Amino acid sequence: MATTHSGSAKAAATNAVTALLGAGATLTFRLAGTITAPGAVAATLPLSATPFAAASGTTGVAIANAITSDSAAAGNASPVANAALQTSGAVLIIHCAVAASASDINMSGGLTIAPGDTVSCSSLTYQAVPS
Amino acid sequence: MTEPLPPAAATPSNADVGAPGGSSLVGAPAELRMTIQVTRASGVVETFELRGEFHGNDA
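Protein chains in written order, with our numbering: chain A, 1 to 131; chain B, 1 to 59.
Just chain A, with the same shape it has in the complex:
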């Protein structure tokens, strides 16, 4: 039996998570690792002081406020394996696998960031409880 949440519950769940990010949070792209033992950083994109706007009371989707580009990424010869949203103190709050296939986020060809590349994020949304 499926579990269904009200719009207000979905929004509350999303807002509770995004509030943990706080001012100075960043979006990072990393090599292989876990949320407790994250991999090396390939790119770091600072989020706004308030990282996300309040989640929709209908869908529970929160849209990120403006994200600053990393104009000189650290890069790595290995492809990105994870995307993470983390606090200013480098505490990971959200950790998501990225790979060419069979992962949470799948990309044909994978994503390899070279040193000095500019990495920008034009859209970022998060939803803690989709249904």
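No wet-lab data here; the hints were simulated from the structure.
From a predicted model like this one, the values you see are computed outputs, not experimental measurements.
Please note that the accuracy of each hint is not assured.
[As the list claims (entries may be wrong)] Among chain A residues calculated to face chain B with C-beta under 7 Å, some are:
1) 116
2) 120
3) 123
4) 124
[Stated by the list, open to error] Cβ pair distances, simulated, as ranges:
5) 49(B) - 65(A): 14 to 22 Å
6) 37(B) - 24(A): 21 to 29 Å
7) 41(B) - 12(A): 43 to 51 Å
8) 58(A) - 42(B): 37 to 45 Å
9) 65(A) - 47(B): 16 to 24 Å
10) 40(B) - 59(A): 29 to 37 Å
11) 44(B) - 78(A): 16 to 24 Å
12) 9(A) - 49(B): 23 to 31 Å
13) 41(B) - 9(A): 42 to 50 Å
14) 16(A) - 44(B): 36 to 44 Å
15) 49(B) - 72(A): 17 to 25 Å
16) 42(B) - 68(A): 21 to 29 Å
17) 6(A) - 40(B): 40 to 48 Å
Positions of the beta carbon are idealized from the N, C-alpha and C atoms, including for glycine.
With chain A held as given, fit chain B onto it using these hints.
Using the frame of chain A, we list chain B on its own:
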């Protein structure tokens, strides 16, 4: 600058429980979506649309 993305695809059914991207026992997995652009040294810009369903404690 951020822009809303189109609605997400249908939520996986309970038949997907335990499968990658499937539902968890406490409901559907969380979802993170983003569009990123990587500008190479050559000036070439590559765009990646990332959309993933995952569990908040994803290791």
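(message) For each hint given before, does the structure comply? Return the numbers of the non-compliant ones in rising order.
(response) none
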